[in-house]
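In order, the protein sequences belong to chains V and P.
Using our numbering, the first residue of the first sequence is number 1, and each one after it goes up by one.
Using our numbering, the first residue of the second sequence is number 1001, and each one after it goes up by one.
Calculated from the structure, these hints are not laboratory results.
Not one of these hints is a red herring.
Label pairs and their computed distance ranges (CB to CB):
1) Pro1020(P) - Gly229(V): 42 to 48 Å
2) Pro1015(P) - Phe214(V): 50 to 56 Å
3) Gly27(V) - Arg1149(P): 21 to 27 Å
4) Val1136(P) - Glu58(V): 39 to 45 Å
5) Val1136(P) - Gly27(V): 18 to 24 Å
6) Arg1111(P) - Gly148(V): 26 to 32 Å
Source: prediction; values computed, not measured.
Even glycine gets a Cβ: it sits at the ideal position worked out from N, Cα and C.
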Amino acid sequence: MADAADLALRMGDSTLILGHRVSEWCGHAPILEEDIALANIALDLIGQAQMWLGLAGETLGRSADQLAFLRDAGAFRNLLICERPNGDFGHTLMRQCLFDGWHLAMLRRLIGSSEPRVAEIAAKAEREVAYHFERSSDLVIRLGDGTGESHARMQAALDALWPWVGEMFTGDATDAELAGAGIAPAPESLRAEWDATMDEVLAESTLIRPESDFAQLGGKQGRHTEHLGHLLAEMQFLQRAYPGATW
Amino acid sequence: MVTEAQVWGWLAEVPDPEIPVISVVDLGIVREVSVGEEVTVTVTPTYSGCPATSVITFEIDAALRRQGITPRIETRIAPPWTTDWITAEGRDKLRAYGIAPPVDGTAPTGRRVARMVGGNFTVACPRCGSTETEEVSRFGSTPCKAAWRCKSCAEPFDYFKCH
Ligand SMILES: [Zn+2]
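So here's chain P without its partners, still in its complex pose (with noise of 0.2 Å):
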């Protein structure tokens, strides 16, 4: 008999399809494991349209039949996915990967930002720290990220956008 705790453990073994080094337990898409008659695990998309959504399910049922078991895998979308559901852990992966971790409190508001290139916040370039730091474009390499360059390095980097 598997416990879920169990079947969490084997999830955080699961690598997100687009940025690998994080789970998808640090990503925060897992949203409950049951373990009754079957095991049954409930996932939440990211943005409406990611194409890693059904890579994901797919990730999850292979890795749980490894383990022999056959899930039921639900999805869920209320409460929406949002980025202060990604793990401490999982912060620091996006960092040492080159990634820099979202900025709590910086959801859009859909208030326009009037010539909002170089951004209102500031973001910490993740190879040498500096926030002398600027947004090259809001959209980036996939929708949750963002395109950043660091003026003390010189390299652009991604940012996982607040959400």
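Here chain V stands alone, though its shape is the one from the complex (with noise of 0.2 Å):
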């Protein structure tokens, strides 16, 4: 049977993974402050990923610094669309307003979740995540409706996306269960809300929404793409390369 665990490491997973990606373009963004806004970023997501993973180790009999720096690939709840590369600025903004509209919505429905500790840790989150969608929809907006060089790769990077936005709103066993014991929400009955924000960013953004729903999907059951192995080669490889280091 599910537990709080499962979804714990399910956000713990997609919250560590986008985190990470997104620290990677600490000092390289294309402007200071956008640099800043990404490492800022960054950090709620990781900082959210210590709670979430910190919930799913009680269970597990692990600490959230084993969950993430000493399992491999197969063992990763995250959501496909997390471990995607990042591409030129427009797609990691496009990755991040597609995440944040999921993420928010999400977050808002746990914060009414029959397990308290995933309530808790959802408030906590909410109001940052706020922020980040605040963010990530005013730039693809921006970006979108913007020079041609910009909207032309906004529609790209919109049309790469795609495919992998169907899985954030695709149940499973586990996820029925979740649902079943009033835990989390059925991520089918995100879809809706987040249609109806996303239309309305991507019409003042002059986007036109792809029309194929085909979704890849695996992610949430540890089948992931190439991307997520490299991914964690570097982000683990510290603690593989000498076990148990601190400083």
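Take the two lone chains and join them into the complex the hints point to.
So this is what it looks like as structure tokens:
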């Protein structure tokens, strides 16, 4: 029977992997303010991951650090969109906007979770993610409805990332059990709200919503793309090379 | 025998590691002090990933050890920290230090603000008091701050975001 640890592992892995991806921009963003913003958002996500993985680890008998640094790709339960490579700045922002819209809706429902610990973490994270979504949607609008060059790049990013959207709203047996126990909402139940918000953002961005609803699935079950292994090789290097290292 | 008031007094001397002009009490992150067989201090983090959190725990521990107390420090995340808990005195100290204190009631709603640059509220410049100011970036030098600039005195300044 699925329990809060299953949900916490999925939320923790999604926030950890996206947090690491966003942190890859540190020192490389197009302007200083965006570099700082990206680093701040990465920090929020990794802080949230620490809380979620801490909760999961209580059941699994491992610390948040052990879960983050000592599991192989097949044991990760993150959404596939979180492991997509950064691409250009527009691609990173589009990924963030698509994810933030889901993340905010998800956290707002988790605040009402039947598991008090889940509700507490969600309430803490929700305020931070509201800031994330305001920023990412604003920048998607400004770049989508920007120059010919920025518009083309944002449309290309949207088209490329669209197949990774459906997984956020596709439940499996674990999700059904979590929903049945009142621990988490059914993923499908978040779709209408996300669609309405995103349609508004895309309309104002002058971007065209892709028609195909084909969805790449598997992240929540541990079936990942080739990109996750490369990300983990960098993220886990130190603990793998020097087990138990602290400073 | 120490009293709770004494412990609060000592904690009021512990500076925030990022903004040393205000104390951990001013910042509203000390949620509870209880004195019984041992002294327990309950703290709450500001932002989830704020790197100052572990330093703050260390500083509180060190400050009380200097008084001969070995405290138990507990972390509590609910209810989540809000800038509403920053004391009036803390707000004055922030302003004097050059950081504009939070404008209450402007926490993010997650409703996208199209072309938000410029902001949808005014922040008074902590240097000259002018409200002819604008937001440069909503994410500043630490998770809790945004970067603003003053169009009257032409100086940039930090704004402590409402949260
Ligand atoms: Zn000024």
